[in-house]
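As they're listed, the protein sequences go chains A and B.
Taking the numbering used here, I'd label the letters of the first sequence as residues 1 to 306.
Taking the numbering used here, I'd label the letters of the second sequence as residues 1001 to 1306.
It should be emphasised that the hints constitute simulated quantities derived from the structure, not laboratory data.
Certain hints may be false.
Said to hold, decoys possible - Computed footprint of chain B on chain A, listed as stretches where at least three residues anywhere in the stretch have a Cβ under 8 Å from a Cβ of chain B:
#1 76-88
#2 102-112
#3 119-127
#4 153-162
#5 172-182
Stated by the list, open to error - A short, non-exhaustive set of chain B residues, derived as facing chain A with CB atoms under 7 Å:
#6 VAL1025
#7 GLU1087
#8 LEU1094
#9 ARG1098
#10 ALA1108
#11 TRP1114
#12 LYS1116
#13 HIS1127
#14 LEU1250
#15 THR1265
#16 LEU1275
#17 LEU1299
Backbone N, C-alpha and C define an ideal beta-carbon position, used for all residues, glycine too.
2 protein chains.
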Amino acid sequence: MRVHLGPDHDEHLAAAIVEGGGTLVPLHEAEALVWHGDVDGFPELPAGVRWVQLAFAGIEPFFRAGIIDPDRIWTNASGVYADNVAEYAVGALLVGLRQFHGSIAAAARPVQRWQKPVLDPQVRMLHGSTVAIVGCGGIGRAMIPRLRALGVDVVAVNYSGRPVEGASVTFPASRTAEVWTMADHFVVAAPATADTDRLVNAEALDAMPDTAWLVNVARGNLVDSDALVDALRGGKIAGAVLDVTDPEPLPDDHPLWTFDNVVITPHIANTRTGLNATLAPTVRENVARFIAGEQLIALVDPAAGY
Amino acid sequence: MRVHLGPDHDEHLAAAIVEGGGTLVPLHEAEALVWHGDVDGFPELPAGVRWVQLAFAGIEPFFRAGIIDPDRIWTNASGVYADNVAEYAVGALLVGLRQFHGSIAAAARPVQRWQKPVLDPQVRMLHGSTVAIVGCGGIGRAMIPRLRALGVDVVAVNYSGRPVEGASVTFPASRTAEVWTMADHFVVAAPATADTDRLVNAEALDAMPDTAWLVNVARGNLVDSDALVDALRGGKIAGAVLDVTDPEPLPDDHPLWTFDNVVITPHIANTRTGLNATLAPTVRENVARFIAGEQLIALVDPAAGY
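Okay, chain A solo, but in the shape it has when bound:
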C-alpha cells in the first residue's frame, strides 16, 4: 500500500506506516495520505488517494475549509489523545476545588503569601461529588475510571443517550438542560458542531450550583465567554478552568484573565510535545486495517461533521 506522509517527515509516523505494511511514496503516487499538519497547506488530493488520516481530534477547520469530502475515507485522532486530555481534566477539577490556583496567586504577592485563613475555608473535596461530563466520548470515557477512583459519581451526556459504562446515568444531548442542576461540577468535552456552539450559555451557568467548577477541554466556542464573565461577576459559579477559549488565543486584555477563580491554560491539555509519537500506533493499525479491508479506527462522519 502506497502512503504519503505530509506535510513533512516524522520518524514516528514514518515507522508506523512501514510497520503497518505501507510504503512511503510521493503524493501523486499515493493511495493514502497521513497528514500531521494544520489545515493550512493541506494539498489538492489526487484522485488515487482513497483514505486520509488526520492528526487532530477536533477537525472542524478541515470541515470549514471544505476539505473533507464524502467520496474518500477520513480518519482523525479521536480517542488517541483521550488519556492525555482526561488526565488534564481531572487535574483541572483538583486545581480549582483544592485551591491550588488560590495558593499560587497568593504566593505571587510579596507579602502575606501564606494565606491559610483565606484559602482553607474555600477548599472543597472532589471525593463525594458528582461531575457531569457534557459530551462524553473518548475523553469522557477515559475520565470515568479516573474520577471513580477519586470517589466521584459521574453523570454523562452524549448524543444518543446510550448508557456510558461507569456513569451513574447518561442523558441524550437533547436533555442537556436538565443536567446543569444535577451535578456539582461540569466538564465540557463535546465535539464542536452547530449544536454545541455556546452550549454553556447564561441559562446553563445560572442553573449550575454556585459552588460549581466548570472545565472546558473541548473548544472555546462551546462556552459563551461573555456569559461566563457575567456569571463569574455575579458569583453564579465557583470558578472555571479553561484550556480552550473564545477567542483563542485569549487576548491579553480579555476580562477572563482578571478573575482569581479562573485558570486559563494555553491549549496544552493535548500537548504538541510527543503528539506524533502518541498517534503512531493508530496510524500503524489503520494502515494494516486498510490493507486488510477492515474498518478503520476513528472514522470521520462527513455528514455529522466530526
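Using the hints provided, position chain B relative to the given structure of chain A.
Only chain B this time, still in chain A's reference frame:
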C-alpha cells in the same frame, strides 16, 4: 461511659460521643477525653481519664510537650483524613506535571499571558510514570487506587517493608536511599519522627531524575529546605509542591517563594473546614469500642512516637 469534649463544644463530635454510647461530662468526672484542639491549652489530666482521642494525624507537638504518657490509651486521627490528603497529593502531581502552575504564573502578567510555546514542551503526563510514596501509610494507601486509575505505577516505602497492596514493590525504610533513583516522582507522606527528619536531603534530591516532581504532604521538616533551594537552583529536579514547609508558616522572604516551579499551599491538604465532621465517625466508633472493651482505631504508640 463518661466523656469530656474539649477544648470547646462541637456539634459533630458531641453527637458522635452520644451515638457511640457516651455521656458528656465535665473533665473532672471523665473516663475519656476527646480533644479537638491544639497542644496549647491541653489540660492537666485527672487520674480517671484512661483514654484520650486527639483530632490530628500528626501529633508530634503532643509528644514534644510530654503530654503523651504510656499509662493511658491514646488515639489520633491517623487515616481519618487519608482520602482528603491523598486527593490533594494526586492534584499536586498534576499541577506540576501538567503545567497548571506555569499557566497561572503566566496569566498573572499583564502581557503575553497565553504562553503556549513556552509551556507546551514542559507538560509531562502522569500516565505511564512511576511515583514513589515515601512513608506509605493511610494517606499512601488511599493514593494508590487513585494513582493506578491514572495509569501510574507505585513504589511504596514503609517502615517494615511489608508489601503494600497495589504497589508494584514495597521497600523498608532502611532502603529508602535506593528509591530516589527508581521513580519518576516522589510523594513524602511519612510520620515525623527522629528517623524521618530531613529524609529528603541533598543526596536524595541529587539522586532523583532532573524531571522529578516532589510533593510533601507530611511535615515540613521531612524535606531539607536549604537542600531543596539548592537543588532547584541547580535544576536537579523539575519542581516541588509543598503543603507543609520548614519553617511553617513559610516567611514571606523565604527563597522557596521565588521559584516558578515551586507551588506552596498553606497546609490545606487536610483542611480545618469540616475537620470535626470528618473525625466524628471515628469518635463514635472508638467510644463504642471502648465501652465494649475492644481495640480502638488509630492507636498511638508512645514508644514509636506516632
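Outcome of the hint check:
{"no.": "1", "hint": "76-88", "in the structure": "holds (count 4)"}
{"no.": "2", "hint": "102-112", "in the structure": "holds (count 9)"}
{"no.": "3", "hint": "119-127", "in the structure": "holds (count 7)"}
{"no.": "4", "hint": "153-162", "in the structure": "violated (count 0)"}
{"no.": "5", "hint": "172-182", "in the structure": "violated (count 0)"}
{"no.": "6", "hint": "VAL1025", "in the structure": "32 Å, violated"}
{"no.": "7", "hint": "GLU1087", "in the structure": "6 Å, holds"}
{"no.": "8", "hint": "LEU1094", "in the structure": "3 Å, holds"}
{"no.": "9", "hint": "ARG1098", "in the structure": "5 Å, holds"}
{"no.": "10", "hint": "ALA1108", "in the structure": "5 Å, holds"}
{"no.": "11", "hint": "TRP1114", "in the structure": "4 Å, holds"}
{"no.": "12", "hint": "LYS1116", "in the structure": "4 Å, holds"}
{"no.": "13", "hint": "HIS1127", "in the structure": "5 Å, holds"}
{"no.": "14", "hint": "LEU1250", "in the structure": "6 Å, holds"}
{"no.": "15", "hint": "THR1265", "in the structure": "4 Å, holds"}
{"no.": "16", "hint": "LEU1275", "in the structure": "10 Å, violated"}
{"no.": "17", "hint": "LEU1299", "in the structure": "25 Å, violated"}
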